[in-house]
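Asks: Starting from the known structure of chain A, fit chain B onto it as the hints suggest.
From first to last, the protein sequence lines are chains A and B.
The opening position of the first sequence corresponds to residue 1 in the working numbering, with each subsequent residue numbered one higher.
The opening position of the second sequence corresponds to residue 1001 in the working numbering, with each subsequent residue numbered one higher.
These aren't lab readings, by the way, just hints derived from the structure by calculation.
Here a beta-carbon is modelled for each residue, glycine too, at the ideal position from N, C-alpha and C.
Among these hints, one or two may not hold up.
So, partial list: chain A residues that the calculated Cβ filter (under 7 Å) puts toward chain B [unchecked claim]:
(1) G128
(2) L129
(3) L256
(4) I260
(5) I294
To list a few chain B residues with every Cβ distance to chain A over 10 Å, as calculated [to be verified]:
(6) A1038
(7) I1063
(8) G1148
(9) T1219
(10) F1264
(11) L1271
(12) H1327
Here is how the chains run, residue by residue.
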Amino acid sequence: MSRRDTLIDLAVRAAFMVIIYLVFAFQLPNYHTPNGIAALLDGAVLVGIVSVGVGVTMIAGEFDLSVGSLAAVTGVIAMEIINIGVLPALLVGVLFAAAVGAIQGLVIGALGINSLVFTIGTLIGFRGLAMVIAHENTVTMPIEQLPDVDVLTQRFLGVFSPISIGMIVVFGVVGLFLRYTRWGREIYAIGGGRSEARAAGVPVLRPMMIAFTCSGALAGLGGALLSIRLGSATPLGFDSLLLSAATTCLMGGIALEGGIGNVIGIAIGLFTLRFLVTGMGALGAPYYVQNLAIGALLILVVLIQLMATRRRRRQARAQLSVRIA
Amino acid sequence: MKSLRIVADLVQTGPPEELDPQIASNRRRQATAALVVALIVLLIVAGLTTPSFLTFENLLVVIRNASVTGIVALGMSYVTISGNLFALSAEELSILSACIFGWLMRANFGLSLSLVVTLLLSGGGGAVQGGIIALGADPIITTLAFGGFFRGLASVVSQNQNILLGSDAAEWLGTGRPLGVPTQSWAFIILTLVAWFVLQRTRFGRLLLLSGANRVAGTASGLRIGQAALLGLTLLGFCCGITGIFAAAQFGQAVANLFQGLNFDVIAAILVGGIALRGGQGSPIQAALGAVFISVLQNFMLLHDFTSGWRTTVVGILVVVATCGFHLLQRRRA
Chain A
1 MSRRDTLIDL AVRAAFMVII YLVFAFQLPN YHTPNGIAAL LDGAVLVGIV
51 SVGVGVTMIA GEFDLSVGSL AAVTGVIAME IINIGVLPAL LVGVLFAAAV
101 GAIQGLVIGA LGINSLVFTI GTLIGFRGLA MVIAHENTVT MPIEQLPDVD
151 VLTQRFLGVF SPISIGMIVV FGVVGLFLRY TRWGREIYAI GGGRSEARAA
201 GVPVLRPMMI AFTCSGALAG LGGALLSIRL GSATPLGFDS LLLSAATTCL
251 MGGIALEGGI GNVIGIAIGL FTLRFLVTGM GALGAPYYVQ NLAIGALLIL
301 VVLIQLMATR RRRRQARAQL SVRIA
Chain B
1001 MKSLRIVADL VQTGPPEELD PQIASNRRRQ ATAALVVALI VLLIVAGLTT
1051 PSFLTFENLL VVIRNASVTG IVALGMSYVT ISGNLFALSA EELSILSACI
1101 FGWLMRANFG LSLSLVVTLL LSGGGGAVQG GIIALGADPI ITTLAFGGFF
1151 RGLASVVSQN QNILLGSDAA EWLGTGRPLG VPTQSWAFII LTLVAWFVLQ
1201 RTRFGRLLLL SGANRVAGTA SGLRIGQAAL LGLTLLGFCC GITGIFAAAQ
1251 FGQAVANLFQ GLNFDVIAAI LVGGIALRGG QGSPIQAALG AVFISVLQNF
1301 MLLHDFTSGW RTTVVGILVV VATCGFHLLQ RRRA
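Bound conformation, chain A alone (with noise of 0.2 Å):
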């Protein structure tokens, strides 16, 4: 896609982000209220995080699966070690998940093993391990610990609080390491073709193992950072994350077949899913209608983009066609 095409397809998408905004916005008065602004900047933070995450292995080529578990084992290892402070515990949950990842890659980078097969694996393994960890319970914080989570609940500017400044800061930094650095590029190099890559002497191996690295590390930050906000972790949590973060990057312009997207596109697409999930929210549509509306959403993406391909395949063939002749 050249330039032009990027910004166009961006502005698309930042439009049905508005729309479907506006939808709500008149319906609920309260949308505009600095109060509910910071609710819904902390109410996208897991999703946030851990969808730049899986949008990074799929501008790479590749998807992860395991996120969700990786998650929730995170969110227990902090909740276990809290004692040793919050951030320290955060830290080492993060040097953990980010551990895991980076081996996940070299696996399936050094294998060529595909990393759905891969990641199917370890997402049971650890979904396990986070119940042996838990005891297969909930962890939870002791109680005279509580107040050191405040710091998580502080506003500043009236609707930024902590994690949601965490959530922006990855953003940040993700965007400019995948737009800026040469390790960056390599992802999108092996994504967008691999053999290509290859022939042109880009290493396959640190790419893939820097795309995994990510998506774990984010996935445990996530899965630690609300964790820690809730003061409890449960082995069994997070399970439907891997349906929100993949309509996020989708719905965000990242192309699963790799190397196309950027984190601008995820943000639209997680503030679109926002908005969606917080407005049926807050005009009293139980809980369990999300799954029906992150689902549906879903699949009009995907019918869409199926469109979207269909079409340009058809005009691709007719030029060839007309080119041959």
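Replies: Only chain B this time, still in chain A's reference frame:
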């Protein structure tokens, strides 16, 4: 430029892979044989070390557990063999079927009408997904989307509460034991044989295998590749419907949190069974054996007081080792 890229794409997919039927069937036999040997070893070890393992009652429990996963795994094996990876919506479609069946029974539609309508709807749920995939959508994302949709729908149908069937007309279906074997297990055994026969001996089976083996060659020789996805997912839908009906009948109620983790149990059965994910090879027998193997292993660990966390972890490790192992074997042969 665009036209150039298409030519490049065509070149990149390369000449059609050689599919020597002899080699393919040898591979399948080897994978099946390895699994049977592993299963026998596991049975002997479990029997020798665990006194309560080789009792008739316990073996019935093992078989019944394997039946739920196994029936869905049969349908899933068709999806995988036809080259469409796997579906992440089997669990959700089974839940939805159970809720629909429960709802129909409660509304006094009668057993036979409820059965027919539930099966038609579950088959339809599979067919819609199959149709979209047949048009070229990604199977994983499509089924992930429909999974969320079906789960939400099941909650809406059941109002997120228990649906009591309200009559014992369906009770025999869930708890009956013709000749001492649970109905679910009869269904599993019969469906395994039917699935095997259809894949090996019918035109439809050939279509599935060839579509999975090589898309480009299949299309070039006039096969309708899309049909394979459509039929595979429709059959998976029926299997989910059957499982859902059995569960609702067995417990006399349906609820939207049935079948926890079924998707991954089923995919684990496929992978442990050694069905190649790129499609074109494998047989439903392998999926069935994979389901039985995992069920025996789970039961063995249960009798040795493994917590559910450890059991899940071991199954995860087994899947990782099995997939890496099969992958390396294939790479070496190639």
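Asks: Would you assess whether H1327(B), listed as outside the interface, keeps its beta-carbon beyond 10 Å of every beta-carbon in chain A?
Replies: At roughly 5 Å from the nearest Cβ of chain A, H1327(B) sits no farther out than 10 Å, so the non-interface label is violated.
Asks: Grab the minimum C-beta distance from L256(A) to chain B and call the hint holds if it beats 7 Å, violated otherwise.
Replies: Because about 5 Å separates L256(A) from the closest Cβ in chain B, which is inside the 7 Å limit, the hint holds.
Asks: Would you assess whether T1219(B), listed as outside the interface, keeps its beta-carbon beyond 10 Å of every beta-carbon in chain A?
Replies: The assertion about T1219(B) holds, with a minimum of 13 Å to chain A.
Asks: Taking 10 Å as the cut and beta carbons as the points, is A1038(B) off the interface with chain A?
Replies: holds (17 Å)
Asks: Going by Cβ atoms only, is I260(A) closer than 7 Å to chain B?
Replies: Nearest chain B Cβ about 14 Å off; hint violated.
Asks: Examine each Cβ of chain A, and state whether all of them lie more than 10 Å from the Cβ of I1063(B).
Replies: holds (22 Å)
Asks: Can we confirm that no CB of chain A comes within 10 Å of the CB of F1264(B)?
Replies: About 5 Å separates F1264(B) from the closest Cβ of chain A, which leaves it inside 10 Å; violated.
Asks: Using Cβ atoms only, decide whether G128(A) comes closer than 7 Å to chain B, and label the hint accordingly.
Replies: holds (3 Å)
Asks: Going by Cβ atoms, does G1148(B) stay more than 10 Å from chain A at every point?
Replies: violated (3 Å)
Asks: Return the status of the interface hint for L129(A): holds when the least beta-carbon distance to chain B is below 7 Å, violated otherwise.
Replies: holds (5 Å)
Asks: Verify the interface restraint on I294(A): the C-beta must sit less than 7 Å from at least one C-beta of chain B.
Replies: holds (5 Å)
Asks: Please verify that the nearest CB of chain A lies beyond 10 Å from L1271(B)'s CB.
Replies: Answer for L1271(B): violated, closest chain A Cβ roughly 7 Å.
When held up to the earlier numbered hints, the structure conflicts with 4, 8, 10, 11 and 12 and fits the remainder.
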